[in-house]
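Q: Going line by line, the protein sequences match chains L, B and D.
Quick note, the first sequence lines up with residues 0 to 358 if you use numbering that gives the first Met the number 0.
Quick note, the second sequence lines up with residues 0 to 358 if you use numbering that gives the first Met the number 0.
Quick note, the third sequence lines up with residues 0 to 358 if you use numbering that gives the first Met the number 0.
This list has only true hints and no planted wrong ones.
Computed list of lysine-lysine pairs in DSSO-like fashion (alpha-carbon distance at most 27 Å, straight line):
(1) 283/L - 319/D
(2) 339/B - 332/D
(3) 319/L - 283/B
(4) 339/D - 339/L
(5) 199/D - 13/B
(6) 199/L - 232/D
(7) 332/D - 332/B
(8) 298/B - 319/L
(9) 199/L - 13/D
(10) 339/L - 332/B
(11) 7/B - 199/D
(12) 332/L - 339/D
(13) 319/L - 319/B
(14) 232/B - 199/D
(15) 13/L - 199/B
(16) 319/L - 339/D
(17) 199/L - 138/D
(18) 199/D - 138/B
(19) 319/L - 319/D
(20) 298/D - 319/B
(21) 319/L - 332/B
(22) 319/B - 332/D
(23) 339/B - 339/D
(24) 332/L - 332/B
(25) 319/D - 319/B
(26) 7/L - 199/B
(27) 339/L - 319/B
(28) 332/L - 319/D
(29) 232/L - 199/B
Computed Cβ-Cβ distance ranges for the label pairs, DEER-style:
(30) 313/D - 286/L: 35 to 41 Å
(31) 103/L - 17/D: 53 to 59 Å
(32) 329/D - 97/L: 53 to 59 Å
(33) 113/L - 30/D: 35 to 41 Å
(34) 316/L - 342/B: 26 to 32 Å
(35) 350/L - 329/D: 33 to 39 Å
It is worth saying that the hints were derived from the structure and are not from the lab.
Just so it is clear, CB atoms sit at the ideal spot from N, CA and C, and this is done for glycine as well.
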Amino acid sequence: MTKRCSNKSEFTLKDLADRIGGRVIGDEKISIRGVAGLNEACPGEIAFFANQRYRPLLASTRASALIASEEEPFFKGPVIQVCDPYLAFAKVLEIFYPCLEPATGIHPDAVIHPDAVIAEDASIQAGAFIGRGVRVGSKVHIMSCSVVGEDSVIGDCSLLYPNVTLYPETELGERVIIHAGSVIGSDGFGYARQNGMPYKIPQVGRVVIEDDCEIGANVCIDRGTLGDTRIGKGTKIDNLVQIAHNVVLGPYSVIVSQTGISGSTQVGSGVILAGQTGVAGHIKIGDGVVAAARSGITKDIPQGQTIAGFMAMPANEWRKSEAVYRNLPEMQKRYRELLKRVESLEAVLQAGGHAKGGS
Amino acid sequence: MTKRCSNKSEFTLKDLADRIGGRVIGDEKISIRGVAGLNEACPGEIAFFANQRYRPLLASTRASALIASEEEPFFKGPVIQVCDPYLAFAKVLEIFYPCLEPATGIHPDAVIHPDAVIAEDASIQAGAFIGRGVRVGSKVHIMSCSVVGEDSVIGDCSLLYPNVTLYPETELGERVIIHAGSVIGSDGFGYARQNGMPYKIPQVGRVVIEDDCEIGANVCIDRGTLGDTRIGKGTKIDNLVQIAHNVVLGPYSVIVSQTGISGSTQVGSGVILAGQTGVAGHIKIGDGVVAAARSGITKDIPQGQTIAGFMAMPANEWRKSEAVYRNLPEMQKRYRELLKRVESLEAVLQAGGHAKGGS
Amino acid sequence: MTKRCSNKSEFTLKDLADRIGGRVIGDEKISIRGVAGLNEACPGEIAFFANQRYRPLLASTRASALIASEEEPFFKGPVIQVCDPYLAFAKVLEIFYPCLEPATGIHPDAVIHPDAVIAEDASIQAGAFIGRGVRVGSKVHIMSCSVVGEDSVIGDCSLLYPNVTLYPETELGERVIIHAGSVIGSDGFGYARQNGMPYKIPQVGRVVIEDDCEIGANVCIDRGTLGDTRIGKGTKIDNLVQIAHNVVLGPYSVIVSQTGISGSTQVGSGVILAGQTGVAGHIKIGDGVVAAARSGITKDIPQGQTIAGFMAMPANEWRKSEAVYRNLPEMQKRYRELLKRVESLEAVLQAGGHAKGGS
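Excised from the complex, chain L in its bound form:
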């Protein structure tokens, strides 16, 4: 959020509603000077309600107004009604915390190779290192201790937070954000065997990250062995994710923290992989697939499927298996009881046909 700052403005509720495409229910003239969570809001601030879990807070919040998808009886103040309160919340935050223009210019303590081409209105902080042949676009912001390897290309309006490493020949589109500590373009983990010992396979491909991607902190995206590792337009990757060599991620996908995707796997568009998911190599995950947290995906998944578990299966089947799993000790006990009843029956029949309690 380096580039955001509270602007300490005030708006009428009507103003806010117009800007976010909502409709006021109640007093539209009240003045709003900030946005906060239901629990933390003070009078004069607007809160939002999108998660049913927080319904009990509606009665006690001190917020002066609410963003919600419908009138909320437990909230006493006026409401901005919107289709999607979470999206409206994002837009209200943009209003109260506008982007700051980054200080333009190259700090004298940045080290830029003379053969790099830097747009006039790019910002490069002290202690950033730009290699030979790099091209840096307009309004790009590169922060301290980020290192851009030779022949890399950074598209307009992209932002590298501190301590980012781009290996040589990395290509970033426009409006790409890379958070601190991430490493883009490191060697893929590829070894042949010679005399039983690992033998390094040169990794001579690249990483291409398309427009509008956001990459979290301490992420690793390996370069292709040959050819590219590619992150599709608008895809978002959370912290500590591993993307192996030659993976291709489709556009508008969401990869949550600590997930790992093995080499040469192809992921479709609009896919969601929740936290700590693992994906095997050389498989295809179809468009729109949703994987629950900690899924372990070992084979192709057809488009649109919701999956869970390790090894991943359709989520509804996984829930059933998991429910029985939790009940296994009881199931084992009942099996043993049943075994005894069968033994009793066998004994009875052996003895001539009448049940114990029988005549």
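With chain L's structure known, arrange chains B and D on it following the hints.
A: Chains B and D in isolation, oriented as in the chain L frame:
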């Protein structure tokens, strides 16, 4: 351990015992000049015994003395008897490896914004970058390639190892240690949806890390969306841990490596989450909860519970389910045998009531 | 791949075959000017075939020649026949992308302590920081924003990518590669308890990484508490792996991404731990053990075993348990049916001995 160095001193066993609050059994006048593991110790060194697994080493160790909770028949030398040998070991290490005073002062190759306020006795190494409005307390040590974002506050005696990134407005208490490569205050992973595409929610909160916390290497702690992500006093976080936006960790908790905690979850005091644990968002983990390695915690956990498994359940129940799981193929086989016996019974009754082997 | 660059040379197929120890089947005089994947290859390039999954591409590839283990009927051009196409592929890549000699010398913007000893032919980039007492060997390459702590030793021909941190006293052998963002020698995660609060145990050991190891990006290897954490000769570690204090890894092992190994565990030689594996502390993993992805290893594993699952068991047993797990809801249903049949039998016997459908 940058700040520690063997002091090459010698102590009598009595001296050491007094300093760590123990009692000597045996010759208290022998001279000890170092501390080592049971296996590596040389004559003149003291070892410690806290893990039963290493009992066989007691007979063979060359250590001249032992720290233990009671007399150990297999060890022939004198013993310092203490309640907690592991704690006593820590204290003996402090005696033989005292903290070095860091070189005070600001290296000329550090880049400090003129509006930052740095205590006179702080140390800032070459290649550290301190932003506008930052306040750095007394005896703070900031190492090379660490970047402190604008308006951050670092309390007295805190230590940033190299390549740490603090995003703007981060607040560290006193005696906080952050290991290399960690990223504090990166944007939370929050997106609304607009036309099916992820739409970034500005992350305008902060991270607050209270006194006496230690954060491992390559950890990620995201800033709050609104409000703070907070790490309670004295809590210890291991390497490669992910803490999402608006998580609140209570004091004196221990979060082991590669664990991930999702957004807005509240963790109590004295909690232990063992390695590779995953925690869902928006839940509460009570005080004193202990989660076994690789637990997957999907719902509120009452205080004091010991849990395991995914989805996490009480550890003793998980052990039982897991034991049956391992036996499932056998269980399936026995089920099939039982089925055949029932079929036989049915056939017998169908045929007139007498068992095969019957009269 | 900083040190590699396509050399834009051409070779006859015979030349290539001789250099990689293969035999040409077909026209050995054709000229090859590059190497590419089956799908991406253009005329004039050679491709390789090692993974059966890609067999369908053999008919459609535009490659002019193929590296394979035998003649491939679906591929129309000449073939270099080799025992191990994957190893041959590595060697062909080395031919077309030879190592560049790194620019020798110390950049004026590197900060080197006057008491460090740097070989004349080492390369140290701008913004690298070398501490007091460090020794840097011949042909070593240390890139921007890497920080080498005091008294560390870096053997000949080793390579540190950007933003690497070596804590004090770290020892690297020869030809060691460490990728960006990795942290070597951070404090082990060791705490005693005092009054219920974690009490830090000083971590005064070292990390030793032997010759020919490669360490991925954003890896963490903690120093020993006392004594060394040790990575054996030729072992390869992928991105985001955690190696705790006093772990000893044998030679020529392969540790895949996001795996974590807990303290004091000993891993043999030639071991493979696939991605997201977790290993408990204080255990021994024998030579040649192979652990499937996401194994959770909780106890000693004898040499040569292939294991899987959490808690890890022999892989073939795990597959059986897992197969039944996936079928548990069906199994439960069939159990209930069987229960009813037994109840019917009991009722029949109770009633006098004849089955319902009986005479």
